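Student: Please construct the entire structure, taking both the sequences and the accompanying hints into account.
There are 2 protein chains.
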Amino acid sequence: MLQNQTILRIPGPTPIPPSVQRAMQQPMIGHRDPETAELLKSIQPGMQQIFGTKQVVSVVAGSGTSGLEAAVVNTVAPGDKVIVCVTGAFGERFAAICKSYQIETIILEEVWGEPVNPKKLEQLLHENPDSAAVFITYCETSTSVLNPIAELSELIHSQSNALVIVDGVSCIGGVELEMDQWKLDVVVTGSQKAFMLPGGLMFVAFSDDARQKMNANPRPRFYLDLLKYEKAAQEFSTPFTPATSLLYGLQEVMQLMKEETLESVFKRHLQLRDMTRAALRALNLELLAGDAFASPTVTAFLTPGIEAKQVRKQLSERFGIRIAGGQGHQKDTVLRIGHMGYCSATDVLLIISALEVVLTDLGHVFEAGQGTVAAQKALIGGNVHV
Amino acid sequence: MLQNQTILRIPGPTPIPPSVQRAMQQPMIGHRDPETAELLKSIQPGMQQIFGTKQVVSVVAGSGTSGLEAAVVNTVAPGDKVIVCVTGAFGERFAAICKSYQIETIILEEVWGEPVNPKKLEQLLHENPDSAAVFITYCETSTSVLNPIAELSELIHSQSNALVIVDGVSCIGGVELEMDQWKLDVVVTGSQKAFMLPGGLMFVAFSDDARQKMNANPRPRFYLDLLKYEKAAQEFSTPFTPATSLLYGLQEVMQLMKEETLESVFKRHLQLRDMTRAALRALNLELLAGDAFASPTVTAFLTPGIEAKQVRKQLSERFGIRIAGGQGHQKDTVLRIGHMGYCSATDVLLIISALEVVLTDLGHVFEAGQGTVAAQKALIGGNVHV
Numbered sequence: 385m386l387q388n389q390t391i392l393r394i395p396g397p398t399p400i401p402p403s404v405q406r407a408m409q410q411p412m413i414g415h416r417d418p419e420t421a422e423l424l425k426s427i428q429p430g431m432q433q434i435f436g437t438k439q440v441v442s443v444v445a446g447s448g449t450s451g452l453e454a455a456v457v458n459t460v461a462p463g464d465k466v467i468v469c470v471t472g473a474f475g476e477r478f479a480a481i482c483k484s485y486q487i488e489t490i491i492l493e494e495v496w497g498e499p500v501n502p503k504k505l506e507q508l509l510h511e512n513p514d515s516a517a518v519f520i521t522y523c524e525t526s527t528s529v530l531n532p533i534a535e536l537s538e539l540i541h542s543q544s545n546a547l548v549i550v551d552g553v554s555c556i557g558g559v560e561l562e563m564d565q566w567k568l569d570v571v572v573t574g575s576q577k578a579f580m581l582p583g584g585l586m587f588v589a590f591s592d593d594a595r596q597k598m599n600a601n602p603r604p605r606f607y608l609d610l611l612k613y614e615k616a617a618q619e620f621s622t623p624f625t626p627a628t629s630l631l632y633g634l635q636e637v638m639q640l641m642k643e644e645t646l647e648s649v650f651k652r653h654l655q656l657r658d659m660t661r662a663a664l665r666a667l668n669l670e671l672l673a674g675d676a677f678a679s680p681t682v683t684a685f686l687t688p689g690i691e692a693k694q695v696r697k698q699l700s701e702r703f704g705i706r707i708a709g710g711q712g713h714q715k716d717t718v719l720r721i722g723h724m725g726y727c728s729a730t731d732v733l734l735i736i737s738a739l740e741v742v743l744t745d746l747g748h749v750f751e752a753g754q755g756t757v758a759a760q761k762a763l764i765g766g767n768v769h770v
Numbered sequence: 385m386l387q388n389q390t391i392l393r394i395p396g397p398t399p400i401p402p403s404v405q406r407a408m409q410q411p412m413i414g415h416r417d418p419e420t421a422e423l424l425k426s427i428q429p430g431m432q433q434i435f436g437t438k439q440v441v442s443v444v445a446g447s448g449t450s451g452l453e454a455a456v457v458n459t460v461a462p463g464d465k466v467i468v469c470v471t472g473a474f475g476e477r478f479a480a481i482c483k484s485y486q487i488e489t490i491i492l493e494e495v496w497g498e499p500v501n502p503k504k505l506e507q508l509l510h511e512n513p514d515s516a517a518v519f520i521t522y523c524e525t526s527t528s529v530l531n532p533i534a535e536l537s538e539l540i541h542s543q544s545n546a547l548v549i550v551d552g553v554s555c556i557g558g559v560e561l562e563m564d565q566w567k568l569d570v571v572v573t574g575s576q577k578a579f580m581l582p583g584g585l586m587f588v589a590f591s592d593d594a595r596q597k598m599n600a601n602p603r604p605r606f607y608l609d610l611l612k613y614e615k616a617a618q619e620f621s622t623p624f625t626p627a628t629s630l631l632y633g634l635q636e637v638m639q640l641m642k643e644e645t646l647e648s649v650f651k652r653h654l655q656l657r658d659m660t661r662a663a664l665r666a667l668n669l670e671l672l673a674g675d676a677f678a679s680p681t682v683t684a685f686l687t688p689g690i691e692a693k694q695v696r697k698q699l700s701e702r703f704g705i706r707i708a709g710g711q712g713h714q715k716d717t718v719l720r721i722g723h724m725g726y727c728s729a730t731d732v733l734l735i736i737s738a739l740e741v742v743l744t745d746l747g748h749v750f751e752a753g754q755g756t757v758a759a760q761k762a763l764i765g766g767n768v769h770v
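Chains as they are written, first to last, in my numbering: chain H, 385 to 770; chain L, 385 to 770.
These are calculated hints, taken from the structure and not from any lab test. Only a predicted model underlies this, so the values are computations on that prediction, with no experimental measurement involved. Hints may contain errors.
In this list, chains with the same sequence are indistinguishable; a pair is considered to hold if it fits within one copy or across any two.
DSSO-like, lysine-lysine: derived pairs with alpha carbons at most 27 Å apart [what the hints assert, rightly or not]:
hint, residue 1, residue 2
1, 697, 438
2, 693, 642
3, 483, 612
4, 483, 503
5, 504, 761
6, 761, 425
7, 715, 612
8, 465, 425
9, 715, 615
10, 567, 425
11, 465, 651
12, 425, 697
13, 651, 567
14, 504, 615
15, 504, 465
16, 693, 615
17, 483, 761
18, 483, 715
19, 651, 615
20, 567, 715
21, 425, 715
22, 425, 693
Tutor: Here it is, written out as structure tokens:
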């Protein structure tokens, strides 16, 4: 195969735009020098717009999981009880973190591929009126379900005093988020998904209520003490040495999103989702998530009659296209295409065409070219499913 | 001033070598794909050589402080008592972390500029024979003291069962380290100092005794659970999404150090120290650390009779040379020159010459050119102080 031709379409990391690559090449600066303050200052407005918040968005050197843990250790005091909504592998991670801290954890579990059922959540809140927090995954990367966090947040606040804590790692930057309006108390995400950056940065913002809880929470924490980051960020600084090259990249990402406009970024992701889903359906493949809760950033599907791992292997070996397998118990049965961040309609047409070749070779039954036609129609029609 | 001409000589981050910059521009790869395993595998031998260990050296997305906290939460069980040697700001940080976890913390405090006094440590060990761990800073960045960790480790092991835990952030990669031979139990460092990389990576290795302690330690931890990293590293993987661009940079750093040879890298750092110290003395400036404990990576000094911050300001404004101020109570009285990582004799000659101009301008009394001459002599003579 053509040397090093790799087309990365896993649900993160995503490819890096050329101008972001260039931005990350800038010479080092002192992290206590004015240049770093300027850099952090320039990033803040764009981050706040993406989060839909007037709160400070802190930038932390760490991966997404450090953000999930930060959300737990800062807001959940010893003795608190929490509810964790588990709709896939990353809901499980929230639960694992809570359990590792010996927190009384009520699990709301859904079949992988389904979103959180509001009725079940209401019932759990009714049974556990003293819950201190409810943890929800916005986009469950493992299943490509986008949970209805605005609706769930409204429900939670109407039924309890629990904080609403959201893992938005695999979608924020690619989908609508109105943290303040939706009354989300802690929102966490990472750099290597819709933010089009390498891994290594975690972003987090929190509400006034969450801050109050953090101030009163005696649970020990140091590196992940979010109050330290917020305080430093107010002075355009960081409590510990930042990952400066990634900050330069983030600055350029903010510029790219501003040029495209956030509205167009979100619309593009919806279109990529609709193209992908229409094509996979036309190829007689099975979508894991229903239309009403399908994430704009990733699509998980099954390949009835053929081995999922063979599809993945051939896409990689013949075309250099990397897609992901499933997670957990779906490791061998599910495939996932990431269409987030630095990804366009062009990229989806390419993947679908290559996928048709591979499926034909593996003896899968479908009408030749119909995946491509369906993707094209979704593109031409622009009938974006919102 | 010439646009963007910045010569970064703070004690980290250091400038990035051009080939390392280029290495970090490689297209993203999947963190669960074989390319990442190959990358991690290629890094391991060089890291083990630098650490002087047969143990796995784990690579974590986080800054140096995340490593200090990891060292604490993994090895110190609830109820344990520890001794923290404080010789400056980073010893204080170890103590702050221990205290934030409500750990009984015995402080061995030295005047800033002095190393740990072995007699005082022996006394404390005698008084606290049940200490679970002793925390030591190898190079105390704030004072430029290199603590005699080999000697201190021998003392600790001869007097107690305490683990020896070392913060090597601002020197590892630039100075000798024999973790196994010196019986160090946990050693932590970061990417933005002698490793010539941007901030964002933390490196850590631990002994069999430390592993045993970690396995038995019920203290909760998740993102910073070092056993998770070691287990994953044995399969050339990471438990959470890595900071891939920095890993590519690290791979190139391993190559650069291999080409130069570690022996030459360490010798170069000793030479840079000796040049810097000889020059500062010849300029009638006062060195904070004595010769016997002077770090090869950073030099802290005082400017009797003139304002330290004026020196720093003029070096920056007239020459684009950035040096650091002091930390904590020495903020306004101490200056620090970083001479680690991507730094050569050429760079030191440049700094000293510029410093002479600034000192002259500020009315400091010294014999013109004698700083430069002293640095040159230290270079020519090669009379490296070991």
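Student: Next, verify each hint and record whether it holds.
Tutor: Checked hints:
| no. | hint | in the structure |
| --- | --- | --- |
| 1 | 697 <-> 438 | neither (45 Å within a copy, 35 Å between copies) |
| 2 | 693 <-> 642 | neither (39 Å within a copy, 39 Å between copies) |
| 3 | 483 <-> 612 | both (25 Å within a copy, 16 Å between copies) |
| 4 | 483 <-> 503 | within (25 Å within a copy, 44 Å between copies) |
| 5 | 504 <-> 761 | neither (38 Å within a copy, 78 Å between copies) |
| 6 | 761 <-> 425 | neither (43 Å within a copy, 45 Å between copies) |
| 7 | 715 <-> 612 | between (39 Å within a copy, 21 Å between copies) |
| 8 | 465 <-> 425 | neither (37 Å within a copy, 42 Å between copies) |
| 9 | 715 <-> 615 | between (42 Å within a copy, 21 Å between copies) |
| 10 | 567 <-> 425 | within (25 Å within a copy, 45 Å between copies) |
| 11 | 465 <-> 651 | neither (38 Å within a copy, 57 Å between copies) |
| 12 | 425 <-> 697 | between (44 Å within a copy, 23 Å between copies) |
| 13 | 651 <-> 567 | within (23 Å within a copy, 58 Å between copies) |
| 14 | 504 <-> 615 | neither (38 Å within a copy, 37 Å between copies) |
| 15 | 504 <-> 465 | within (17 Å within a copy, 46 Å between copies) |
| 16 | 693 <-> 615 | between (47 Å within a copy, 26 Å between copies) |
| 17 | 483 <-> 761 | neither (47 Å within a copy, 62 Å between copies) |
| 18 | 483 <-> 715 | within (24 Å within a copy, 43 Å between copies) |
| 19 | 651 <-> 615 | neither (34 Å within a copy, 42 Å between copies) |
| 20 | 567 <-> 715 | neither (35 Å within a copy, 42 Å between copies) |
| 21 | 425 <-> 715 | between (42 Å within a copy, 24 Å between copies) |
| 22 | 425 <-> 693 | between (45 Å within a copy, 25 Å between copies) |
In summary, the numbered hints that this structure violates are 1, 2, 5, 6, 8, 11, 14, 17, 19 and 20.
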